[in-house]
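Asker: Listed below, chain by chain, are the residues.
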Amino acid sequence: MDAHELLELAWLIPAFPAAGAVLLLLFGRRIGEPVAGWIATATIGASFLASVAAFVALLSLPEEERRVVSDGYTWLRAGGFAVDFRFLVDPLSVTMILFVTGVGTLIHLYSIGYMHGDPRFGRFFAYLNLFAASMLVLVLGSNFLLTFLGWEGVGLCSYLLISFWFERDSAAVAGKKAFVTNRVGDFGFMLAMFLIFWKLGSLDYAAMEGAGGLAQTTVTAIALLLFLGAVGKSAQIPLHIWLPDAMEGPTPVSALIHAATMVTAGVFLVARAHPFFEASGSAGTVVAWVGAATALLAATVAIVQNDIKRVLAYSTVSQLGYMFLAAGVGAYSAALFHMVTHAFFKALLFLGAGSVIHGLHDEQDMRRMGGLRRWMPITAGTFIVGWLAIAGIVPFAGFWSKDEILAQAWYRDDYGLWLVGALAALLTAFYMTRQVYLVFFGNERWREAAGGHDAAAGVAGDEPAEVAHPGAGAHSAAGAHGGPHEPHESPWTMTVPLGALAVLTVVGGFVNLPFVEQGLEFLGEWLHPVFEDVEVVHAPSFSTAFALSTAALVIGVGGILLGRAFYRAGLPSGGEDPVARRLGPVGRVLENAYYFDRGIARLVSGPLGAFARFLADGFDRGGVDRAVNGVAAGFRLGGEGLRRLQTGLVRNYALGIVLGAVALVGYVLARSL
Amino acid sequence: MTDFPILTTLVLLPAAGALLTLLVPARRPELVRALGYGVTVATLGVTGYLVTRFEAGAGIQFVSTHWWMETLGVRWTLGVDGVSLFMVVLTAVLFPIGLLASAEVDRPKAFLFWVLVLEAALMGVFLALDLVLFFVFFEFTLVPMYFLIAGWGHGNRRYAAMKFFIFTMAGSAFLFAGILAVGFLHRRDVGFLTFDAGVLTEWASSPGALSSGTARVLFLAFAVAFAVKVPLFPFHTWLPDAHTDAPTAGSVVLAGVLLKMGTYGFLRFAIPMFPQAAVDLSWLLLVLAVVGITYGAVVAAMQPNIKRIVAYSSVAHLGFVVLGIFALTAEGIQGGLFTMVSHGLTTGALFLLVGMLHDRRHTYDVAQYRGLWKAVPVFGGLFVATAFASIGLPGFSGFVGEFLALLGAFVTSRWYAVVATTGVILAAVYLLWAVQRTVTGEPDGDNAGMRDLGPRELCTVVPLLALSLFLGFHPSPVLDRMEPDVDRLLEHVEARSDHDVPSPAPGVEEAEAGR
Chain E
58 MDAHELLELA WLIPAFPAAG AVLLLLFGRR IGEPVAGWIA TATIGASFLA SVAAFVALLS
118 LPEEERRVVS DGYTWLRAGG FAVDFRFLVD PLSVTMILFV TGVGTLIHLY SIGYMHGDPR
178 FGRFFAYLNL FAASMLVLVL GSNFLLTFLG WEGVGLCSYL LISFWFERDS AAVAGKKAFV
238 TNRVGDFGFM LAMFLIFWKL GSLDYAAMEG AGGLAQTTVT AIALLLFLGA VGKSAQIPLH
298 IWLPDAMEGP TPVSALIHAA TMVTAGVFLV ARAHPFFEAS GSAGTVVAWV GAATALLAAT
358 VAIVQNDIKR VLAYSTVSQL GYMFLAAGVG AYSAALFHMV THAFFKALLF LGAGSVIHGL
418 HDEQDMRRMG GLRRWMPITA GTFIVGWLAI AGIVPFAGFW SKDEILAQAW YRDDYGLWLV
478 GALAALLTAF YMTRQVYLVF FGNERWREAA GGHDAAAGVA GDEPAEVAHP GAGAHSAAGA
538 HGGPHEPHES PWTMTVPLGA LAVLTVVGGF VNLPFVEQGL EFLGEWLHPV FEDVEVVHAP
598 SFSTAFALST AALVIGVGGI LLGRAFYRAG LPSGGEDPVA RRLGPVGRVL ENAYYFDRGI
658 ARLVSGPLGA FARFLADGFD RGGVDRAVNG VAAGFRLGGE GLRRLQTGLV RNYALGIVLG
718 AVALVGYVLA RSL
Chain C
24 MTDFPILTTL VLLPAAGALL TLLVPARRPE LVRALGYGVT VATLGVTGYL VTRFEAGAGI
84 QFVSTHWWME TLGVRWTLGV DGVSLFMVVL TAVLFPIGLL ASAEVDRPKA FLFWVLVLEA
144 ALMGVFLALD LVLFFVFFEF TLVPMYFLIA GWGHGNRRYA AMKFFIFTMA GSAFLFAGIL
204 AVGFLHRRDV GFLTFDAGVL TEWASSPGAL SSGTARVLFL AFAVAFAVKV PLFPFHTWLP
264 DAHTDAPTAG SVVLAGVLLK MGTYGFLRFA IPMFPQAAVD LSWLLLVLAV VGITYGAVVA
324 AMQPNIKRIV AYSSVAHLGF VVLGIFALTA EGIQGGLFTM VSHGLTTGAL FLLVGMLHDR
384 RHTYDVAQYR GLWKAVPVFG GLFVATAFAS IGLPGFSGFV GEFLALLGAF VTSRWYAVVA
444 TTGVILAAVY LLWAVQRTVT GEPDGDNAGM RDLGPRELCT VVPLLALSLF LGFHPSPVLD
504 RMEPDVDRLL EHVEARSDHD VPSPAPGVEE AEAGR
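Protein chains in written order, with my numbering: chain E, 58 to 730; chain C, 24 to 538.
For reference, chain C alone in the conformation it holds in the complex (with noise of 0.2 Å):
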């Protein structure tokens, strides 16, 4: 079974969903519903499989690669690693659960088409190890993305979309023209041309290769790009839109895996690729991440429109994560892609919840909504639970990686890490108060009438928060498999530039320093 291309079935199984999709007749919703709930759950089958299957420290593992383009020296090279390998698995359990969430949703048949090409190309965006591949999956992601808000979504949908598309477009140009320029500077230098991740990465990071000037205004290329994806201030205005108006499905996964998209490219590519350029360049990125935390959380705490707060929580989130990419440790990286993974699940939950208030209410204004734990204990209490959550309370998967990646930004960037740490309680500003509008007080008009969630529903919500639970007391089947990989990384990173990753010092050289 070693020979199995896990990895290609995992891209081309929703592929092959949604052109079978096609083929089924638009009046029979139900097929369409079974087929997407057995494309997406396969997938997630096979993807558990792969955990099971992955030896942590072993690398890249589960590589299949082929010629693609030869003369272009494109190949169809896919690998897993314990950076991608839950970033993987996020995409597939939050595919299953969007299409619960979306079981009444108009025109099926079109929908869970654009629904499975998106889950194809975001599993395509974590297991690429070509540049070309990469990008053109990072690139694909748009188009799914765009019809699914302009189509599915409410409000000012087209503006959103075509927001969502210009903005993400005009940083993947960046990406695209760095990706083109190291290909063609390799062949230059080398003599063949290739896109291969490891070769160029290989190539770029070595002394001497590219001029320090150089290096920096690629690693800026990519940058942003995936800036713009994160999304980092000030290019994260589309995110708010784009959000307000997305499907509840498209929220969920918008947030869940698109955002991480960015922080991943850098883990990646951007990183790895330019070690010295990143160092030299790790102020800017903390900056951006430490506003993002901060002004984040003041401007989600302000806004009148529920799903808003939560679009602009993923602002405050994401900072943690850059925070923690950026502090160059391996606490303070594993935290960073901790977080990723748990705000897929905690905020994934918090855009199911308020869209199920749009399903009976068909409003996001915070004004329209009061007493909810009361009309409707069940909705009231797991959305004070997924706010808690998401808050990064002690005990929920939020809290291990947001304080892993606080402690390591601690060690390298101190300054930066005081700042953000005060994100802690802005958290439980803007959440709280808005969890104090809308679920308690006496409910009044609509509100006291509204039906309470149904097992449909729960299913959704539940599970997600079940696992941020887990991995929040439970944490190391997630960090174990990550370790030796972000510790290549370091490794990496340490030997092609000046940075240190500094150990704790002991208390006793501290005392000698300090006399």
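Excised from the complex, chain E in its bound form (with noise of 0.2 Å):
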């Protein structure tokens, strides 16, 4: 079997997982815990092993035939319009491939772990496992179809999963939430489709060659609305107010879904969609605007946030901002590069803020957490290593992916744009040394909350976040934690995941060292035949490439120097945080993300919400339905007079039709006459 015919059979990659997720949602219950688990395992560990293979085989091909497109059959056809079922094997989606799967199956794993005693452990594995298929089909299909397809395999999921705690309202509102923000954005997908086949004729990825051939307005509105599309799914202004929210969710997903994976298909689908991008001349500086923005402001309201995750969630967004920043610019291979990066060192922060939640028994505010990591050893030595990688300390791997976005920016004279990532840089580094100070080091404020625990419920009631989750009878019940509130360390298969994330963190970022000549820019060159077309920008010179890390290092270092200077004592006990107090008002604005999320929550209940209300008692019920009733009470009006020859009501309606129907027929035939 030549590499050819091996990659021909890429339909198993997501076959796997989804022959998974069929078993588990028809017998998950009676297989139950923990087999469940681990056959779910299995199944994406069977597609990371599948993904291996592929890369391999493609990689033993020349460079000009990486480009291989598996069996299949046609999904649908009708008039001028064909898509096929098929998968597209090139570089792009086997990077793709292999972080979803690899990530993908130390999630699994940890999970494993983490839901132990949950009543919907077999439940919870086949959403994994559907989630899992559904992403690969979104990376590896062959048209814009297919890939919509998968994405809105992964909306179903993520919504099935934010809300798997659905007794929780709050968990139940979320992941609806989160579903009809990203409809907004596949309003914008479909259309783009429908522009691309009524411009091209098919949405098949390998019709993109036409996309120079277009009228300027034409493809820029198509790169505009598939990127509407990609705001929604990655979570960018404005259609960000889903991705907090979604930390309802268990934190395996977080890590998977709202972290490493699904979040960055919209940074995916421009890369795929690339040639539109190209041939538009303004789309592009839209999209790295929108990204810097989201960078920059994500950043500021994560720097107040108290509750673990939610730290995590908008740093995802911001970060997800760079992806974009470097799409934006033209820097496609820098956007993947960070994508991975962050895929390893944000599923490693996750999965470490699901370690301390679980060790500290479903406690998420980090006001209530601190001086954990002689607790929690393994945890810690872990977070921390995350925590270097996204404040850009050099050699972990979120130092080179985001350097080079900044670089790239620069090269390109964006300097506006490297001047904002630069600024998000800061208050990553910052935030990230907040939490890291907050969970692990200084006072132990767990000791005090564990007496008075619903006291301290009371003061933060606006943490959607504080019920336990239905399992936490579970977790407490078993008692096999020692006493009730003591802090403990997870149990191998979550340490294990997270040894093993800590480990890709640092030399993740060895896959693209920014050394062109010594041909150590390795995911650069493997990119290279997917985006051919695509103007690569290098370094001047040296000295300027040295001197943009150097201030990329500095601008990191001073983030978490300012961090350690404010927070390394911990938090006075009961007392108020330094800094939120310091910014005074703009710290409740930035606490509130601006006032955004409930600006649009007003707007809904009241003006919109007012609206369809009319619309259905008043315009509907009042309006036309009353209308139309007049009309048959006109009718019964006039059978009044013709009740005394004794008919009955039907036949009153009847008599009126028939005389209408003759009065019609009498017009048509006069007017043919």
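These aren't lab readings, by the way, just hints derived from the structure by calculation. Please note that the accuracy of each hint is not assured.
Derived EDC-like pairs (lysine to aspartate or glutamate); straight-line CA-CA distance at most 20 Å [to be verified]:
hint : chain 1 : residue 1 : chain 2 : residue 2
1    : C       : K132      : C       : E53
2    : C       : K397      : C       : E465
3    : C       : K397      : C       : D469
4    : C       : K397      : C       : D382
5    : C       : K397      : E       : E224
6    : C       : K397      : C       : D475
7    : C       : K397      : E       : E90
8    : C       : K397      : C       : D467
9    : C       : K397      : E       : E648
Grab the two chains, each in its own frame, and use the hints to assemble them into the complex.
Answerer: Shown next as structure tokens:
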């Protein structure tokens, strides 16, 4: 079997987790814990091995042949429209499937420990497998519609997993919000597909060759409509509102879907559809600036959040902004590089946060943590690795990829973008340092919290994620964790993935070192066939590159030192956050994320709701229906006179109808005589 | 076997079953039930045979024709093509399921009688190729439906049944007038009286046969009758009332099949007979379609009654059908036809599920339900799955139909399609909000003690959902059989009007035009 034949079997990659999902949806409850978890982990693991095989096979082909379409069938054909159910194996999709299945396997494994004792254990893994299958369809699809199938599939799984603990109203609402907000983006995605079909006659990715021949307005419209889809899925301004609420889902879900994989789908879409963005003169600028604005604004919000997961959620929004910044300026491989390293370190941070939450018996408020490094050494150690990476400290993965993005902006003379990105980097280092110190260093505030937990919960009533999840009963009741409120380190199924991700976070940057001449820019080289038509910009000189890297490092270290200065000792017990206090009213604005979310909520429940209610009650019932009944009443009135002739109601109507019909026939005949 | 009158059998089998029902003693309900399943399943079997023998691209086939009222030129002519085939299949599939869902109904004998009469009439509607015969079947569906709503419904059922009857009756008057007018105009022109659909279509659509004013009046006469059935805004208000108060099987058949008589009528008669008028007035139908999609969705969201939510969602879904049809492109019409099938499956399933709630709690009030996913997990899971099928999630049949309808509309009627695409957002809003209010949360009061679905109930919903999923991933068995006849219809419209079906432009031309 040669490499081509092997790659034609690429449909197997999503088929493994899909089969697992079907099995667990039907029999998950009967299979139960922990076997259901192991089955799910095995299927995604098989998918990972298949992805590695695909990688090796693709690598064995000469560069210009690295584009293989798998076996499949005609999915949808009507009129002049035809779409195949086939997968496209090229360096871009293989890059995606490698980290999706790799990180996915680790998170499946972690979930076996994290979801221990949950009454819907089997269901959880069914959803997780279904998600993995959908995500693989998304990135492997050989046309826009197949990608859209995966796109909506991951949206469904996101909904199901955010709402996994649906007994909690806030979780149910958050799931719905995520899906509906994403649908706003889908509106753009669908219109883009209509336009592409209309102008190019096919939704196949190969048809994008014709993008250069399209009128400028058309191609810009296509690019921006696709970007609207990306903005929804990747939580960029103004459709970012669903992601912080998505933290209602179990933490492994936040790590897998809402940090490492699904939310990067928007960036992937822009990269996949880059011929449209390249052909358009202005779409890229919009993408870059939306990304930069999101990176900065989300970072400002992150510095005052107190929920351990919400900090990471806003951080994810911010980091995705960087990827769009890169894609917008045309540095696609830099965007993908950051996507990969971000998948490593953000999954690590989320899983670490999950380990903390697990160890503290479902505590998520950082004001009631502190000093945990002595109780949870593995979690703390690995979390610190993730922290250094996201803060941009050499040689951790985040340093290389973020530096690459900022440098690319600089090389292309987009100094404004560089400045915004650098500012966001400073804030990133700061808020992550705050998080690390509040959680792992300083005073052990959880001790006091343990006594007066209820009172403390009352203080932080506005945090939606305070209520213990239903599985928590099983956690505490198990009694295997020592004292009821002593923090504890997590089981091996959770710490092993942490360790693996920490290693990847340390070495992940080496897949794309900025030393082109020495041949160390592996990822860029590997992706080159996909982005052949895109102009590559290299550092004008070594000194510029070195100066920019140094600046990035200084920014990172500066943010860390600033954070350390404020939070080294933790928080005064029951006291205010020093930064929030200093910021005063600005701090409150940031805490409420610029009141954007609340404003939309008010608009929906206020004027929009009132309008809908008017349509339903006033207009439909009172207007249309009454008018129609009025006509009927008119007939009845006319019928009153005839009632003396002993006709029933139905016959009165019938009479009117017949008279009307006769009149019409007469009219038509008269006209045509 | 080729001479076997398979289509006549499809009409007469349920009719004979209805007559047989009258012979079964009322105190033997088990015999009534056995008869009902026997007849509807046999009809399904004959339909299955029809599908296997159907030849895609062979036009109208299995024609059987006999004189009925010779002096009036009325014939018993039945035939099937790719446009009607899946309406027949849908009818045949939904009836046994509807009966299964009504196993515990009162007065089963009378119920079954009306159900079988309804099935016979619906088969006739989709197979008739004589306009008078079509009209007779079209009208005849009203009678059993009226009695089913008035006799086995709940709430304000007599009002609802009467409203349904009057509304559609009023619409039909226009249809009848239109049919008579076409028939007699043809006689004056050609010299003999016939109501044969093929002959009249050929004549009425030929240039010079009808003045454009006359053609428009006649088109509108047909259109009013069909618009009431669909229903299009502003003729839709009978629908929520009829649905809310109808028994479950009635709602399933009403939404699944009866509404499609309207959209089918447009495709089979109104558009081919008056192509130029249809093209000239397509803007009107497109406007009403888009209003239906958006307005129906917004009003659905605000309903406090779960069955009314599903009812208004039908207004929105049928809007997609009309949008696709009046886009007058192959993609659009196939999308519309596919949505007709898909809507029968998913909305049928939704009505079944909502009916199961009513069986248990005797209310459709959304506020009475909470936490059902936890209390009755099988029901909850199926309800959520069906909601997503109805939203039109890719992977379910609804997406295929809506996507093609929108795609087809985008090519000829771009801005209508853009507005209609907001329907994909709105559908998620009203259905997921309904899901959130009923199945999520902690179950309280009577909800906590509810019993989950039994095997009989599973057998009603699961096949529909499975079919929807199958067609979502593999729609070709349906699309490929429709395609040749849709193309034929479009060629006819192009030949007999100034309509041009645009083919998607290769990018190069566009660039030249842009410069």
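Asker: Need the status of pair K397 (chain C), D469 (chain C): alpha-carbon distance at most 20 Å?
Answerer: holds (13 Å)
Asker: Measure nothing beyond the straight line between the CA atoms of K397 (chain C) and D382 (chain C); if it is 20 Å or shorter, mark the hint as holding.
Answerer: Cα-Cα ~19 Å, so holds.
Asker: Given the proposed pairing of K397 (chain C) with E224 (chain E), does the C-alpha separation stay at or below 20 Å?
Answerer: holds (8 Å)
Asker: Taking only the CA atoms, is the gap from K397 (chain C) to E648 (chain E) under or equal to 20 Å?
Answerer: Violated - the C-alpha atoms of E648 (chain E) and K397 (chain C) are around 34 Å apart, more than 20 Å.
Asker: Given the hinted pair K397 (chain C) and E465 (chain C), is their Cα-Cα distance within 20 Å?
Answerer: Given that 20 Å is the threshold and the Cα spacing comes to 7 Å, the pair holds.
Asker: Take a quick look at whether K132 (chain C) and E53 (chain C) sit within 20 Å of each other, Cα to Cα.
Answerer: holds (10 Å)
Asker: Please verify whether K397 (chain C) and E90 (chain E) have alpha carbons no more than 20 Å apart.
Answerer: Distance of about 19 Å is within 20 Å: holds.
Asker: Does K397 (chain C) pair with D475 (chain C) here, judged by a C-alpha cut-off of 20 Å?
Answerer: With Cα atoms ~10 Å apart, K397 (chain C) and D475 (chain C) stay inside 20 Å; holds.
Asker: Just to be careful, I want the Cα atoms of K397 (chain C) and D467 (chain C) compared with a cutoff of 20 Å; is the pair within it?
Answerer: Holds, because 10 Å separates the two Cα atoms, which is no more than 20 Å.
Hint 9 from the earlier list is the only one contradicted by this structure; the remaining hints agree with it.
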